[in-house]
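Asker: Sequence:
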Amino acid sequence: MQRKFITNLALLLLLNLLIKPFWIFGIDRTVQNMIGAEGYGKYYALLNFSFLLNILLDAGITNYNNRNISQHQHLVSKHFSGIIILRFLLVVHT
1 MQRKFITNLA LLLLLNLLIK PFWIFGIDRT VQNMIGAEGY GKYYALLNFS FLLNILLDAG
61 ITNYNNRNIS QHQHLVSKHF SGIIILRFLL VVHT
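In my numbering, the protein residues as written are 1 to 94.
Just so you know, these hints were derived from the structure itself, not from any lab. Ideal Cβ placement from N, Cα and C applies to all residues, glycine included. Treat the hints with caution; some may be incorrect.
[As the list claims (entries may be wrong)] Below, in silico cross-link-like pairs of lysine to any residue (SDA-like), each with a Cα-Cα straight-line distance of 25 Å or less:
#1 Lys42 with Arg29
#2 Lys42 with Phe25
#3 Lys42 with Asn54
#4 Lys78 with Leu56
#5 Lys20 with Asn54
#6 Lys20 with Leu46
#7 Lys78 with Thr62
#8 Lys4 with Gln71
[Claimed, not checked] The following label-pair restraints were derived from C-beta to C-beta distances:
#9 Leu9 with Asp58: 22 to 28 Å
#10 His79 with Asn54: 17 to 23 Å
#11 Ile35 with Met1: 44 to 50 Å
#12 Phe22 with Tyr44: 17 to 23 Å
#13 Gln71 with Tyr43: 38 to 44 Å
#14 Leu89 with Arg3: 38 to 44 Å
Let the sequences and hints guide you as you build the complete structure.
Answerer: And the structure:
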């Protein structure tokens with residue numbers, strides 16, 4: 001179990017070290033130069049606002065779902081449909 005965890009962790013770190021610099025110095029920098037500082041500032045503000053809304057809409061649902069599914073794996077199909085419906089209701093309510 002620990003060997004599998006360490007291997008997956010190393011793979012995750014390796015992929016992050018390969019992809020993040022390409023994204024930051026390649027794609028993100030190009031977009032920022034193309035649309036200018038003002039447009040990029042608006043994009044960044046909207047992106048951060050969407051993260052805040054995601055936190056409000058989650059309301060502990062993900063933590064509950066992860067904990068419950070890891071304890072009772074046979075309930076995946078039952079909880080998955082319920083979680084999707086609950087998230088949809090929270091989106092409509094907001």
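Asker: Holds or violated: 17 to 23 Å for the Cβ distance of His79 and Asn54?
Answerer: holds, 20 Å
Asker: Taking the CB of Gln71 and the CB of Tyr43, does the distance hold inside 38 to 44 Å?
Answerer: holds, 40 Å
Asker: CA of Lys42 to CA of Asn54, is that 25 Å or under?
Answerer: It holds: about 18 Å lies between the C-alpha atoms, which stays within 25 Å.
Asker: Are the Cα positions of Lys78 and Thr62 separated by 25 Å at most?
Answerer: holds, 15 Å
Asker: Tell me if the straight-line CA distance from Lys78 to Leu56 falls inside 25 Å.
Answerer: With a Cα-Cα distance of about 24 Å, the restraint between Lys78 and Leu56 holds, given a limit of 25 Å.
Asker: Is the Cα-Cα distance between Lys20 and Asn54 25 Å or less?
Answerer: Answer holds: Lys20 to Asn54 is near 23 Å, not above 25 Å.
Asker: Does Leu46 lie within 25 Å of Lys20 when you go C-alpha to C-alpha?
Answerer: holds, 21 Å
Asker: Between Lys4 and Gln71, does the CA-CA distance stay at or below 25 Å?
Answerer: Holds. Lys4 to Gln71 sits at ~20 Å (cutoff 25 Å).
Asker: Regarding Phe22 and Tyr44, is the given constraint of 17 to 23 Å on their beta-carbon distance met?
Answerer: holds, 19 Å
Asker: In this structure, is the beta-carbon distance linking Leu89 and Arg3 contained in 38 to 44 Å?
Answerer: holds, 42 Å
Asker: Please test the hint of 22 to 28 Å on the beta carbon pair from Leu9 and Asp58.
Answerer: 25 Å Cβ-Cβ, so the 22 to 28 Å window holds.
Asker: Does Lys42 pair with Arg29 here, judged by a C-alpha cut-off of 25 Å?
Answerer: At roughly 15 Å apart (the allowed maximum being 25 Å), Arg29 and Lys42 satisfy the hint.
Of the numbered hints listed earlier, not one is contradicted by the structure.
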